[in-house]
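Now for the letters of each chain:
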Amino acid sequence: MKDKREIIREEMAMRGKILEILKEGAKTVPEVATALGRPTEEVMFWMMAMRKYGLIEETEEMTEDGYYKYRLKEGRK
Amino acid sequence: MKKYDVLIVGAGIAGMETALNLGDMGYKVLLVEREPSIGGKMILLSKVFPTLDCASCISTPKMAATANHPNIHLMTSSEVKEVSRKNGNFRARVFRRAVFVDPAKCTGCQECEFACTVAVPDEFNFGLVARRAAFIPFPQAVPKKAVIERAGTSPCSFACPTYIKAHGYISLARSGKFEEAFHLIMEDAPLVGSLGRACYAPCEGECTRGLLEGPLPIRRIKRFIAEYYYSRHPEPEYGPPEKRNGKRVAVVGSGPAGLSAAYFLARNGYEVTVFEAQAEPGGMLRYALPSYRLPRDVVSRDVKNITALGVEIKTNHRVESLKKLREEGYHAVFLAVGTWKARKMGIEGENLRGVVDSIDFLKRVSEGESFDLAGKTVLVVGGGNVAIDAARVARRLGASRVVVQYRRSEKEMPAFRWEVEEAEEEGVEFQYLKNPVRFIGEDGQLREVESIRMRLGEPDESGRRRPIPVEGSEERMRVDFVVLAIGLKPSTSPFQDEIELNKNGTVKVNPTTLQTSLPYVFAGGDAVLGPSTMVEAMGQGKRAAFFIDRFLRGEDLQEAEFEYKLPPAKKEEVLSRQLTHTRLNPVKKKLLPPEERIKDFREVELPMTQEEVLYSSARCLDCGICSECHQCILACPADAIDFSQKAQEFEVEAEAVVVSQGFKLFPAERKPRYGFGRFFNVINAMQMDRLLAPTRPYNTILRPSDGKVPENIAYVLCTGSRDRTVNNPICSQICCMYSIKQAQLLMGALPLADITVYYMDIRAFGKGYEEFFQQASDMGVQFIKGRVAKIEEKEDGNLLLHYEDIENGGVKKVAEHDLVVLSVGLLPNPEITRIFKDEKLELDEFYWVKQVEEDVSPARTSLEGVFVAGTAAGPKDIPDSILTAGAASAEVAAYIESKRRGR
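Residue numbers (the working numbering), protein chains in the order written: chain V, 1 to 77; chain L, 1 to 903.
Honestly, I wouldn't trust all of these hints.
Straight-line Cα separation of at most 30 Å, BS3-like style, residue types lysine-lysine; simulated pairs [claimed, not checked]:
1. L/Lys304 x L/Lys376
2. L/Lys144 x V/Lys2
3. L/Lys571 x L/Lys646
4. V/Lys2 x L/Lys304
5. V/Lys2 x V/Lys69
6. L/Lys62 x L/Lys767
7. V/Lys73 x L/Lys144
8. L/Lys599 x L/Lys571
9. L/Lys247 x V/Lys4
10. V/Lys4 x L/Lys144
11. V/Lys4 x L/Lys664
12. L/Lys588 x L/Lys570
13. L/Lys767 x V/Lys2
Because the hints were derived from the structure by calculation, they are not lab data.
Computed from a prediction, not measured in an experiment: that's the story for all the values here.
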């Protein structure tokens, strides 16, 4: 199992790619993971940190499968 | 030494409450907290049981009152290192860590956090999300001031002779911030392109990743950064500084040392003139380094970084008197004339036509002179990098055979191994343990060389084994051209009557300040070090500029501290931060094919792609944690970031001590059968409390594995408590109730979710606890009596719980859940005993601080004058913690008053 610290460290390198993917529109964590070709648990760390630091935000509605979608947030780059 | 009435160690709810009580009574209290914020664990909780009051709403006013109380002096990010007794009172050493932020200036705006380029696990969210190296612990932190986490200087940055923040630009590069990376390098060195091409990269030798699959290609990443920037900015973006100080400095020599000094002096407002004897600036970079390693246009663009500041470079201008420069109005001089004189072998035939020295040869080739070596045999004598350069240049000039003779073995050869390998690929032959004894010519023209075999004796003063000729082993070889690359000497002879020189011709300087025997003259680079590397020379130029500035401002040079660095981060500690390291192979260096290389002077090394740079920089282990990328400095609107801040130690006196250091959570990894740390959807209860708190790490309660809202959540009670297998046989006293609290909150937040609590027995002993339990049951929380034997993970992240259903005949069952919460127990924090010098603070049989008279004096410990409050003495809930704080305050007051009255 990949160490959590290692996954978290990768966030900085993955941010640009995730922002690029979300330019197409709001996506769930599994959808971004598929687009990136990376495991969902890793993408979860990256997207939640990006949300914490104001780069993305959740949409209001949850999907039928129980996921939130995330979109680009205006303001921070 | 500051005197207090009471020293309190630990500022959780019990420590704060004790401090407030005593402060209100008029006692002067020093409250020391290890974390950057007070509040302990309570401030991180969602609600308290059984009232379901908001934990923050209770804690925050207490925290504010503590921080603002006139009788409480609060020290965060601090630790009590030692407590001893003297004259009836306690003496304590308190250590305050450097946090690299001036708390008086910091407004808590978080801009540094947003700008920071290093992500680490957020311990205040128990690893569920990342925080930054620059951070404010949590939104309600008191004091709400940023701190920067540093574990030393990253070894790569520490190794750099000019202290380029290698870790900093790597962290910027991995974020795709290449322009910012360029600007960061420019803070320490102006010749970014040249370094990216030809630096010997001591940083890479120290890279911790070198202990895994191989170091990061730090130099090649720098090259990419320089090319990225230069392709977008053919000219520098800046001009001369607006503020000039009216003082003039002459720099003699435009090599890396001189250019570096000129750059830093000009940035400081000095009028700088560089005098260069050659036709173009750059020194050895332009004239000695072959262009297949360092293209000349790169040197020229680098030089613009200096001249853009208004530095004038006078070429074809040889300086031979320092005093004359003084007479011309220069207030100070930096002498960086390099090593342009070649050493001689002192053997027969050295003056024949066809025998040249390496520096002469390389310089003339750089100037465009065409040596006709086509089809000829060339001998290069020497084993350093210059010898290898000369040999490879000879191949490019058409020599059919190039032989390098070196008098020691390959092992002692000072040239870098990769340079030797590249030379070998290009067809250069190496003859080790061989040395010329004479050159033989006809009509003044070289024809042959006579060499002798050598053997190695004992080590000489350089530490290398001394080469000894083997008599009678002489042999001859026909050669057409010989390049002597046996060493270079400083070009300092014109100044020998003005400043003191060493025996080897280098300039005698104060090694710290680089000041010479003539006070207004400073010297550096190869003229001081002897033949060195580009980056060492640049480091000297930067150092000289620092001390010249102080000299010209009339400051004491000995008092000035140049480039304070934290000690290097320890590599073994860096590696031990992770349990596993994914293998990430380094990107191999790409070179032109050897047969292509020798056709001309085209650059041999091919650049990295952007994707390769991103991959390579993402391999960085963030050794020092903070990378020193300096984005926080740029982002901070209050100018509060201070990388020069140092740790401090204080000695204080107090009449009484209260230990209230709290507890540790049971690390659930110690129950491997439950999969914590292996299965992302197995979390501990503190993590669930964070998910439930208003300042939660996610937008709502989500599964860490994929962001799904959980529908079927299980609680496993007594994880790591009442469990002799983990040496913690006692009840945690709170895990039943906090689990029921969370279950109720989850029922409210996720009305459709099923909540199941697996328990041994519910201990609802406090006021209102039984009702609280019944209420949860009535809300639909399912309680199953039975120990969970193990947890397995399914492919979709769901979890299978194997348990014994005790109330239904003890049958073994398996249940599926999509999130499991381990209700972990509490462990003691016995490290507190170490601070007491010469006496022992006793612990009870379970390692909690011993209450020696629990029934009548619950705060008393085994040491007179030392009291305990909160969970330091054993597991308890918040109301009980506050009660013990009240008891401790009263007992401390009674003790002090009694002592003062001599009773």
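Taking the hints in turn, this is what the structure says about them:
1. With a CA separation close to 40 Å, the supplied pair L/Lys304 and L/Lys376 exceeds the 30 Å bound.
2. At most 30 Å may separate the alpha-carbon atoms for a hinted pair to count; L/Lys144 and V/Lys2 exceed this at roughly 34 Å.
3. Distance restraint check for L/Lys571 and L/Lys646: the Cα-Cα separation of roughly 22 Å lies within the 30 Å cut-off, and the hinted pair is therefore satisfied.
4. With a CA separation close to 46 Å, the supplied pair V/Lys2 and L/Lys304 exceeds the 30 Å bound.
5. For the proposed pair V/Lys2 and V/Lys69, the alpha carbon gap of about 25 Å is at most 30 Å, so the pair holds.
6. A threshold of 30 Å between alpha carbons decides the hint, and for L/Lys62 with L/Lys767 the separation of about 24 Å falls inside it, so the pair holds.
7. Between V/Lys73 and L/Lys144 the CA atoms are separated by roughly 25 Å; this keeps the pair inside 30 Å, and the hint holds.
8. Among the hinted pairs, L/Lys599 with L/Lys571 is inconsistent with the structure: their alpha-carbon atoms are about 44 Å apart, more than 30 Å.
9. A threshold of 30 Å between alpha carbons decides the hint, and for L/Lys247 with V/Lys4 the separation of about 55 Å lies outside it, so the pair is violated.
10. At most 30 Å may separate the alpha-carbon atoms for a hinted pair to count; V/Lys4 and L/Lys144 meet this at roughly 27 Å.
11. Pair hint V/Lys4 plus L/Lys664 holds up; C-alpha atoms about 21 Å apart against a cutoff of 30 Å.
12. Taken as a hint, the L/Lys588 and L/Lys570 pair is honoured in the structure, with Cα atoms around 27 Å apart against an allowance of 30 Å.
13. Taking the CA atoms of L/Lys767 and V/Lys2, the gap is near 45 Å; set against the 30 Å cutoff, the hint is violated.
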